[in-house]
Structures are given as C-alpha cells and as structure tokens.
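Chemist: The residues making up each chain are set out below.
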Amino acid sequence: MDLFFHFTDPILRAPTIGCILMCLSASLAGVVLLFQRKLLISETISHAAYPGAIGGIFLLSFLGPDFERFSFIAVLVGALFSSWLGLQSIRWLERKWKISSDASLCFVLAVFFGVGVLLASGLQQVQPMWAQQGHILLFGQAATLTDEHMVMYGLMSLACFLFIVFAFRPLQAILFDRAFAKSIGIPTKFVERIFFILLLVSIVAGIRSVGVILISGMLIAPAVAARQFSNQLKTVFWLAAMFGAFSGWIGSILSAKFSLPTGPMIVLVGAFFAVAGLLGSPKRGVVFRLIRQAAFHLRCMEENVLKGLWKTEMDRHALKRLYPSMLSFVLFRLTRHGWIQKKGFVFALTSDGRTKASAIVRLHRLWELYLTEQMGRDPQCVHTSAEEMEHVLTPEIEERLTKLLSDPKQDPHSQPIPERSSL
Amino acid sequence: MNPYTDVNFFEFFWVLGKRIWQFATGGGTGLATATDEIQLGVLACCSIACGLLGPFIVLKRMSMFANSLSHTTLLGIAGAFLFASHWWGSGMTDLSTLLIGACISAILTAGLTEILSRVFRLAPDASIGLSFTTLFAIGVILVSVFTRDAHISTEAVTGNCDALQLSDFRLALSVAMINIVAVIVFYRPLMLIAFDEPYLRALGFSAPLWRVCLFFLTALTVVCSFRAVGVLVVLALLVGPYLTARLFCHRLKRLVIWTPLCGVGISLLSVALSRAILSSAGVALSTGGILTLTTALVFVGGTVLRTVIGRAKPKLTLHMR
Numbered sequence: 531m532d533l534f535f536h537f538t539d540p541i542l543r544a545p546t547i548g549c550i551l552m553c554l555s556a557s558l559a560g561v562v563l564l565f566q567r568k569l570l571i572s573e574t575i576s577h578a579a580y581p582g583a584i585g586g587i588f589l590l591s592f593l594g595p596d597f598e599r600f601s602f603i604a605v606l607v608g609a610l611f612s613s614w615l616g617l618q619s620i621r622w623l624e625r626k627w628k629i630s631s632d633a634s635l636c637f638v639l640a641v642f643f644g645v646g647v648l649l650a651s652g653l654q655q656v657q658p659m660w661a662q663q664g665h666i667l668l669f670g671q672a673a674t675l676t677d678e679h680m681v682m683y684g685l686m687s688l689a690c691f692l693f694i695v696f697a698f699r700p701l702q703a704i705l706f707d708r709a710f711a712k713s714i715g716i717p718t719k720f721v722e723r724i725f726f727i728l729l730l731v732s733i734v735a736g737i738r739s740v741g742v743i744l745i746s747g748m749l750i751a752p753a754v755a756a757r758q759f760s761n762q763l764k765t766v767f768w769l770a771a772m773f774g775a776f777s778g779w780i781g782s783i784l785s786a787k788f789s790l791p792t793g794p795m796i797v798l799v800g801a802f803f804a805v806a807g808l809l810g811s812p813k814r815g816v817v818f819r820l821i822r823q824a825a826f827h828l829r830c831m832e833e834n835v836l837k838g839l840w841k842t843e844m845d846r847h848a849l850k851r852l853y854p855s856m857l858s859f860v861l862f863r864l865t866r867h868g869w870i871q872k873k874g875f876v877f878a879l880t881s882d883g884r885t886k887a888s889a890i891v892r893l894h895r896l897w898e899l900y901l902t903e904q905m906g907r908d909p910q911c912v913h914t915s916a917e918e919m920e921h922v923l924t925p926e927i928e929e930r931l932t933k934l935l936s937d938p939k940q941d942p943h944s945q946p947i948p949e950r951s952s953l
Numbered sequence: 471m472n473p474y475t476d477v478n479f480f481e482f483f484w485v486l487g488k489r490i491w492q493f494a495t496g497g498g499t500g501l502a503t504a505t506d507e508i509q510l511g512v513l514a515c516c517s518i519a520c521g522l523l524g525p526f527i528v529l530k531r532m533s534m535f536a537n538s539l540s541h542t543t544l545l546g547i548a549g550a551f552l553f554a555s556h557w558w559g560s561g562m563t564d565l566s567t568l569l570i571g572a573c574i575s576a577i578l579t580a581g582l583t584e585i586l587s588r589v590f591r592l593a594p595d596a597s598i599g600l601s602f603t604t605l606f607a608i609g610v611i612l613v614s615v616f617t618r619d620a621h622i623s624t625e626a627v628t629g630n631c632d633a634l635q636l637s638d639f640r641l642a643l644s645v646a647m648i649n650i651v652a653v654i655v656f657y658r659p660l661m662l663i664a665f666d667e668p669y670l671r672a673l674g675f676s677a678p679l680w681r682v683c684l685f686f687l688t689a690l691t692v693v694c695s696f697r698a699v700g701v702l703v704v705l706a707l708l709v710g711p712y713l714t715a716r717l718f719c720h721r722l723k724r725l726v727i728w729t730p731l732c733g734v735g736i737s738l739l740s741v742a743l744s745r746a747i748l749s750s751a752g753v754a755l756s757t758g759g760i761l762t763l764t765t766a767l768v769f770v771g772g773t774v775l776r777t778v779i780g781r782a783k784p785k786l787t788l789h790m791r
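Residue numbers (the working numbering), protein chains in the order written: chain A, 531 to 953; chain B, 471 to 791.
It should be emphasised that the hints constitute simulated quantities derived from the structure, not laboratory data.
Note that CB positions come from ideal geometry on N, CA and C, so glycine has one too.
Do not rely on the hints blindly, as some may be mistaken.
[Claimed, not checked] Residues on chain B that point at chain A, a partial pick, calculated with CB under 7 Å:
#1 L748
#2 A751
#3 G759
[What the hints assert, rightly or not] Some chain B residues near chain A, calculated using beta-carbon distances under 10 Å:
#4 T603
#5 F675
#6 S676
#7 L679
[Stated by the list, open to error] List of simulated lysine-lysine pairs, BS3-like, C-alpha gap at most 25 Å:
#8 B/K530 with A/K568
#9 A/K626 with B/K488
#10 B/K530 with A/K628
#11 A/K841 with A/K813
#12 A/K568 with A/K628
#13 A/K837 with A/K872
#14 A/K939 with A/K837
#15 A/K628 with B/K723
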C-alpha cells in the first residue's frame, strides 16, 4: 500500500514519522491556546525562535565543519532560548508597561524576526557554507530529516502528550475557571509555566520541518477543526491529536509526491480539516445550521397556512398574506402530514389538522393575553410578537401560561381562545 | 562614486549634512543621489506613513491583523505575477500589477477573517490565525510550483532594503503623502474609531465606513511598503515608534506628531549604523534587520529614561485630546 510505504522506506521513514509526531504535539498545545484565546501567541513565539536558531548555527560555525551534524542540536537550544526570551518580553511589555497584548505580540514578533534576519544576513557573508542551514528554517524542509531527528521529536511529543494526560484535571480546571482552580488549591502558575515550556518545545520541534513562518498554522488549524466536533475537552484533545497527526502524514506524503515545500502542504491539509469542520460538523457546522434554519422557516410557514385555513373556516375571512412562492410546496407537505385534504378545488382541514391549528391559535392568543395582562403592553401592539412566539412556545410553557392566566377563555381582542386539546 | 564609502557612524551624519547643505544652496556638483540617501528617503517616508497610522492601529487592536495582511501579501504578489506572465506572455511584470494583486489579497484576507468570525463564529484570534496561515501557505505553494524558487517568498517576507531604486522612493513618498492628508483631513473620525466607537455613532458618523477606511489605509501602507522594505520593517515601524512615543506622551494629538518623528529618527540611526558596520567590518548586514533592532533598542532606552524621570509623574493613561 502506497500510504504505508512511507513508514517503512528508509529514506522517507524519518520525515514522515517526524512530521506526524511534531504535528501531534503542536495540535495538543494548540487546543490549550484555543481555549485560552491566545492562539496568536504561537505566531509570535515561532518567529521569536528564528534568531536563536540562526545564532546557534552561527556559534557552531566557528567550531568548524566537523560539527555540522550537531547543527540540529544548536538550532534546538538556540531556538528554545530565544523563544523563551520572546515569551518573557511579551510578559514584560504587557505587565510592566500595560501594553495591549495585540501590540506587544506584534512588536516582539517584528523585533525578534528582524534580529533573525540580521543574523542570517551576517551568516550569509561570514560563513556562506552554513547559510543554507539557516535558510531552510524559514519554510522548513522535512525531506532531510534523519532518524536522530525522529527520536528527538518523538521524545518531545511524548513529553507534551504525557503532560496533557497527567495534568488533565488541573489543566481542565484552569481552562474553564482559573479563579476557581486557584481557590481549590491547584498550583495554577506552576501548571501554566510547564505548559508554556512545552509550548516552546513543540513549536521549536516543528520549525525544522514546517518552518518558523507557518508553524503557527499547525497549532491553529487542528484545534479549530477539533473544537467544531465536540464540546468535551477530552474529546477535543483526542480529535485535535488525530487531525494533527493526519495532516502531518498526508501533508508529508503530498509534499514528497509533488516535491513541494513540506510546511505549506501540512498547513493546507490542516486548514482543509478546519474548513471541513467549520462547514460540516453536525452541531456547529454552517451547513447544518442553515439546514436547521430552513427547517424552522418551513415549519413556521406550514403553521401559518394551517392557521389561515382554520380562520377561514371559523369566520369566513379571506386567506390573508398566504400566497408566498412556497405555497404549493407547503400545501403538499401538509397533505402528506394528513392535516389537510384536497376536495375538488379547495383545501380543507382534516380533524387532525383542525386540532393542530387550534393549538397554534391558542398559543397565539395566550401569548397576546400574557403580554397585555402580565407585562402591561397595549393590546394594539402585541400581535407581531405573538406571530413569532406561536411557533416557539413549548407545551410546558403553554401549561404555565394557562395556570398563570387562570385558564382564560378570551384574548385581549375579545376573540375566543380555543380549548386545550391533545394532539 | 558613493560619497559614503568608508565613513564611520559619526562621519555619516557629517557627510549627509554637507550634501543636504550643498543641495539646498545648489552648490553641489553631480547631485546623483547615493544609495544610502535613497535608502534613507524610503525608510523615512515609510516611517512617516506607518507612524501616522500606528497610534490608530494599536489603539484599535489591529496590529496582529496588520501582521496577517503583511503575510498574505505574498499570495497577491504570486497570483499577480502568474496572472501577468500567463496573460501577457513575458515574465515582465510592472509594479502596478503587483500592487493590484497585493491589494486584492489584502481584501481577501480581511474578508476571510470577517467571514470566519461572523458566519463561522470563531474567536478573533482563531479567525485571524486560520485565515492568514492558510492564504500564506497557498502563496508559498504557488510560488514554488511555478517558479521552483523559494527566493521570492523569502524576499517578500524579510524584505530587501539594500536594493532600493528611485521608483521605490516615489512609491513610499506617495504613500506618506496619502497618509498625511488622510490623517489631517479625517483626524476626528479616525480618533473616535480608535477610542470610542459608540460616541462616533452618536455623532452621526458611520462606524463600519470608518473602520473600512482605517483598514484601507493600513492595507495601502503595508502593501506599498512591503515592496520597498519588507513586511518586517513595516510591522516594526507601525508598533515600535508608537510604543516609544507612548512612554512620554499622553495625548493622541501629540502622539500622532511624535510617532512619525521617532520613526524618522530610528531610520536615520539605522542607515548610519548599517553604513558604519559595512565600513568598519566589511559586512553588509540587512538594513531591515538593523532597523528592527534599533527600534527595539530605542524602546528599551525609552523605558529606562521613563523609569528615571517617571517617578515624578507616573501617569500612564492616554487621553483623547
């Protein structure tokens, strides 16, 4: 099988597994940031890692070409240091100088990345041989990952995963209500500090394969996708890990196949998951939301038609405002429900339909009465509100209204309120 | 012959002053502008353009949005480049095509971010992050599919202050002019949109219209400056000088004057520093990188100064007038 070939092939094995592990830990960190509403901090931290990575290469380059195989350790250490420095600078700007988090994120990002560019231009001129090492950090290059990288990323991802597993309870409490978590004795600061260290680790692990500019996409997209499918924190974590791992896997396969840069491919696959979730998730997805809205709209129209027919029977008023373009469709559906019947050229209510329609009119008039009697509204202006509420009121509310108004017989316009009937 | 060859940091200002004096009195011979002067001119214009908008953008919390605009510019450039080279045959693409492409991508970014937060009900940070990383990824892939060269993308992000031409200066100057006119004419609605939107509406202005106006000015500044100096410098100049000026000013009107001046000072310092490093060490460092570093150093210097003098007046709230 072509897809699994990537796990066994000696050359493709390390890039594929490395990408999967790295995306997994990034998406776990992304979920925490999503709930803290701090997703953009990942963008700043990843850019802040750049000068350290370049600086690490710079320092190593003075040791001579023999040390080139250690360059990934230099990159890791340097990137960890400078991204930590970036995080501290954000805190300093926000706490000491009361600068809004938006501005401080942007400032730290620009300054650190600028220093990185400065160092890279220096490296280009002083040690041109090493400049390529720094260049690939911008957009990432998974193809040249080796087994050593893979083990390293495996350990880093394992650390993130274990943290989420073992610190799940305190983390959950902090994410939902920080003050509460503090009050029941959870060491919030300590947990948050460890989380931020792991965030740095997972971002730094990713810059080699996805690149500093796009790694934030790897934190954002799987978390957003997972959030669409579940309201349970635990499930969101699992789903995000799955989406992250899949986008790492599929992205690296696609990039190897079409020889495209790995980072953007992985991010695009992640974004695809996110868009699919946003559109098609059963509870929050836009498609289903639109369907639900349309269904409600249709029900309102059906009920209006029923009510209209009922009123024509009762007091021989002409059907008013009942000729929308959807009318024939609505009539068809009502016939299928068994609420109306076609007799010759006219539609007439069946007995079921009459019960249903009188129930709707009852809700309408009850609500009008409630508004005038209990809320003190003018009887002239309660009709519009009742036109909407008659479709929304549930049997429970109807019962309470009946009790509240002591089973009324007449609405404020002296029209009879139909008896309550079981449908 | 560049008159700035082998000058050190202080001599740079001496030579610059001498040449400006010559230019002003008309006594100079061979007034072909040196590369350093073009660079200085472009950076100064950019810092005026960015510095005028900076206060409004930071107050409106739009700076990370400006960051996302600056990233997705790449998609617009790549798209325009492909479109032009495909339809007009040759690879010749003039500046205006690229600018139109970049403007379209800016509008696309803003639209996508709005849709994600309004229709899909995502939090603002998630919608900004998702839209720009996706568009940027598409941009990088477009570039690498059709050119097999990541060089363009690197340049678009990091910018290249060291290969500027007179046409770049004209572009930067026109953006600075547009922003000066816009901020002077529309000062009141822009101030209110940044400070107090309900008050703006109560005065009978249309809030969405002025939000779009601020967005449009931001996009114009970012898009036109990227070509000259790269997105990095734009971001640093949008936020850095404002934050520095903010340490000492508490009135928006003064901030709008001091922020561009601070930016001009920073660009002067960084061009001189870049030249001095080239003269003394023989290394041509990226001027954009030096500029961001200078911005940070100036801010840190400002905080130190503020701490020294700040004990007497620890007031930090910003006033509208």
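Chemist: Confirm or reject each hint.
Modeler: Hint-by-hint comparison with the structure:
For B/L748, the shortest C-beta to C-beta distance to chain A is roughly 10 Å, which exceeds 7 Å, and the interface hint is violated. For B/A751, the interface hint is violated, since its Cβ never comes within 7 Å of a Cβ in chain A; the closest pair sits about 9 Å apart. The criterion of a C-beta within 7 Å of any C-beta in chain A is met by B/G759, whose closest approach is roughly 3 Å, and the hint holds. For B/T603, the interface hint holds, since its Cβ comes within 10 Å of a Cβ in chain A; the closest pair sits about 3 Å apart.
Interface hint at B/F675: violated, since its Cβ lies 24 Å from the closest Cβ of chain A, which is beyond the 10 Å cut-off. About 24 Å separates the beta-carbon of B/S676 from the nearest beta-carbon of chain A, more than 10 Å, and the hint is not met. A cut of 10 Å between beta carbons decides the hint on B/L679: the least distance to chain A is about 23 Å, and the hint is violated. The hinted pair formed by B/K530 and A/K568 meets the criterion: a straight-line CA distance of about 18 Å does not exceed 25 Å.
Taken as a hint, the A/K626 and B/K488 pair is broken in the structure, with Cα atoms around 43 Å apart against an allowance of 25 Å. A threshold of 25 Å between alpha carbons decides the hint, and for B/K530 with A/K628 the separation of about 15 Å falls inside it, so the pair holds. Distance restraint check for A/K841 and A/K813: the Cα-Cα separation of roughly 38 Å exceeds the 25 Å cut-off, and the hinted pair is therefore not satisfied. The hinted pair formed by A/K568 and A/K628 meets the criterion: a straight-line CA distance of about 17 Å does not exceed 25 Å.
Proposed proximity of A/K837 and A/K872 is supported: the alpha carbons are some 17 Å apart, at most 25 Å. Our distance criterion of 25 Å between C-alpha atoms is met by A/K939 and A/K837, whose separation comes to about 19 Å. Taken as a hint, the A/K628 and B/K723 pair is honoured in the structure, with Cα atoms around 20 Å apart against an allowance of 25 Å.
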